[in-house]
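Asks: Sequence:
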Amino acid sequence: MNWTQTFIPTLKEVPADAEIVSHQLLLRAGLIRKLTGGLYTFLPLGLRALRKVERIVREEMDRAGALEVLMPALQPPEIWQKSGRYESARDVLFKVRDRAKKEWLLGPTHEEVITSLVAGEVNSYRQLPRNFYQIQTKFRDEIRPRFGLMRAKEFVMKDAYSFDATDEAAQVSYQKMYDAYVRIFQRCGLKAMPVEADTGVMGGKFSHEFMVPAETGENEVVYCEGCGYAANVEKAVSCVPATTGEGAASIGELERFATPGVSTIEALTRSPYEVAGDRQIKTLVYMVAGKPVLILLRGDHQLNEAKLTGVLGVADFRPATAEEIFDALGAHPGSLGAVGVKELNVCADELLRGAVGMTTGANEDGFHLRGVEVGRDIEVKQWGDLRLAAVGEPCNHCGKPLKVRRAIEVGHVFKLGSKYSEALGALFLDESGKQQPAIMGCYGIGVTRTLQAVIEQSHDKDGIIWPLPVAPYQVCITPLSVSPESAVFQLAQAIHKALIEEGVEVLLDDRDERPGVKFKDADLVGFPLRLGIGEKSLARGEVELKPRGGQLIAVKSENAVTKVLEWLEGNRV
RNA sequence: CGGAGCGUAGCUCAGCCUGGCUAGAGCGCCAGCUUUGGGAGCUGGAUGUCGCAGGUUCGAAUCCUGUCGCUCCGACCA
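Read left to right, the first sequence gives residues 993 to 1565 (the working numbering).
Keep in mind the hints are simulated off the structure, nothing from the lab.
Glycine residues also receive a C-beta, built at the ideal position from the N, C-alpha and C atoms.
The reader is advised that the hints may include incorrect statements.
Unchecked claim - Under the rule of at most 27 Å between Cα atoms (straight-line distance), these lysine-lysine pairs were calculated in the DSSO-like manner: (1) 1004 <-> 1453; (2) 1283 <-> 1373; (3) 1094 <-> 1074; (4) 1411 <-> 1074; (5) 1555 <-> 1512; (6) 1074 <-> 1548; (7) 1026 <-> 1004; (8) 1026 <-> 1512; (9) 1512 <-> 1538; (10) 1411 <-> 1426; (11) 1489 <-> 1555; (12) 1026 <-> 1453; (13) 1087 <-> 1411; (14) 1074 <-> 1093; (15) 1087 <-> 1145; (16) 1538 <-> 1548; (17) 1538 <-> 1555; (18) 1555 <-> 1528; (19) 1453 <-> 1489; (20) 1026 <-> 1087; (21) 1145 <-> 1026; (22) 1145 <-> 1093; (23) 1145 <-> 1094.
To be verified - Computed spacing ranges between beta-carbons, pair by pair: (24) 994 <-> 1557: 15 to 23 Å; (25) 1541 <-> 1059: 33 to 41 Å; (26) 1294 <-> 1219: 22 to 30 Å; (27) 1054 <-> 1531: 49 to 57 Å; (28) 1025 <-> 1396: 33 to 41 Å; (29) 1094 <-> 1322: 47 to 55 Å; (30) 1089 <-> 1373: 43 to 51 Å; (31) 1281 <-> 1541: 49 to 57 Å; (32) 1557 <-> 1527: 50 to 58 Å; (33) 1009 <-> 1054: 33 to 41 Å; (34) 1059 <-> 1478: 52 to 60 Å.
Produce the complete structure using the sequences and hints provided.
Replies: Encoded structure:
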């Protein structure tokens, strides 16, 4: 392909509305253009890279035995009502109406569709296991689209759904996808790590996310360098010693004391009170299904709402407002406590079990209580792990201090169980003739997001550094003259032709531009290999191979094609 | 949805506070000349609904109101 015949609108300046470097480079390298917030057009170069990622995904899904299908993006709301997600996922659902005013949904995902298909087609254990996948555009009414392709209203996703007759078989299906994901991200040149994940609104009990470490990521991963444990912070557990009464200022007697103006844990740790954070009980009030519930944590800990969902068994909750709190407890945030509270549900973190000599709010503005004994003074109705694991806490498995880093979620595998198969009637007859719901798994990869994650992870100050397998072109030929009769350009064209015949994806920069412009653009776009042809080196019978980000290699011009092929072979993943 | 900021040429932005000549710069684009190994130089040229609507005023890019869009922070997030 000649540069002048394709369309690569590179940008010298950084677009004002792109915040993170991968988004800036997507725009600057001429890969995408924004139509409006959260919606982008893929330009020829960007589309080529996207297709590369898709191809890798497709090859690995096929290798893992999954079958490609293509489902409708437009879906009837009825199946979403059946699964219950018409309500639970309503915030992300795009709804449209046809001329008869009937409502339709633009699919954010396809569990309902595939399960409906299987419900009608699969009747016997003999037809299982099955795994169907598709690569398709998904629509989500994101509250706040951002970071280019990272979080968009519309994006390309690979989604796969497995159906099994037994739990054990489902586990095998899950592991196949897990292994395929490891290969996919490796082949994309990404350092992605699988981490244990919360299952969220999807339901199900078992899940891993594939995370690409990046400062700009929207997720936090807790991990241990000692044993390899890694989990999304929403799921992560750590091993903090139980809270004892040792060292407490006052054990045994419940004592009310004045704390004028104190409304934070931190303020109580200071003079004259000097109550350490781990000697305090933090009292949060949440409205759970419309009723106030007290959530107790140690003062130095943070609430993990994902864990709260698990402990309460419902996701329908939110922090109470100051007014709701005052109505329930007669005090404002900062002076709250659960001592003597009988009429409200009290839900406490495990680490508070048996804690004595604690300090907490007195439910009277400006007063706290010390000498609190959980159990004696506080009636806890529900216990659970509610705590957000934090950096430095001991790993639950090996005791080494945990670390935390930000990451981009590029893939997610779930063991779903039978939630959807039951709701949508995906039943089969087992060997004994008994009707059973299929055991499902679902497996997503954000294809467009993966593409951007590659750039986020692989770039320098000059531009993108494409891993060879996902580069839009593998090689860019840069002749420093494009006058038709020049030896430089004639050689460039000959090599171009020869490489195409060898099946190499090659771009010939035939623009009549100064060398600096061509070099800068080649670096910006990030071709893995650039072949420079100029008068000076050609006078010595040489051309120049320049791997992106590597050292220049002079090769004899008659060996150029061979050397390029060798380089490509040597860098294949 | 709450908070903050921004909408002026294809891109990056100045001008606005303190209303007033023909609305500007750099980059890009077009033509010509010169140049040719890391985003060249000179000359000439084209390009604007100053987001949109209303208001105040003799006069609005500038002040006021509304509205739409974008960006950031938060909440949210399969």
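Asks: Looking only at beta-carbon atoms, does the pair residue 1089, residue 1373 fall within the given range of 43 to 51 Å?
Replies: 46 Å, holds
Asks: Quick check: does the Cβ-Cβ distance between residue 1059 and residue 1478 fall within 52 to 60 Å?
Replies: For residue 1059 and residue 1478 the Cβ distance comes to about 53 Å; the hint holds.
Asks: Holds or violated: residue 1074 with residue 1548, Cα cutoff 27 Å?
Replies: 68 Å, violated
Asks: Residue 1283 and residue 1373: Cα distance at most 27 Å?
Replies: 15 Å, holds
Asks: Holds or violated: residue 1555 with residue 1512, Cα cutoff 27 Å?
Replies: Measuring from Cα to Cα gives roughly 23 Å; hence the hint holds.
Asks: Holds or violated: residue 1145 with residue 1093, Cα cutoff 27 Å?
Replies: 23 Å, holds
Asks: Taking the CB of residue 1009 and the CB of residue 1054, does the distance hold inside 33 to 41 Å?
Replies: Since residue 1009 and residue 1054 have Cβ atoms about 39 Å apart, the given range 33 to 41 Å holds.
Asks: Holds or violated: the 33 to 41 Å window for the beta-carbon distance between residue 1541 and residue 1059?
Replies: Holds - the Cβ-Cβ distance for residue 1541 and residue 1059, about 39 Å, lies within 33 to 41 Å.
Asks: Hint check: residue 1087 vs residue 1411, CA-CA at most 27 Å. Holds or violated?
Replies: 24 Å, holds
Asks: Taking 49 to 57 Å as the hint, is the beta-carbon distance of residue 1054 and residue 1531 inside that range?
Replies: 50 Å, holds
Asks: Does the structure keep residue 1145 and residue 1026 at a Cα separation of 27 Å or less?
Replies: 12 Å, holds
Asks: Just to be careful, I want the Cα atoms of residue 1087 and residue 1145 compared with a cutoff of 27 Å; is the pair within it?
Replies: 13 Å, holds
Of the hints listed earlier, those the structure fails to meet are numbers 6, 19 and 32, in rising order.
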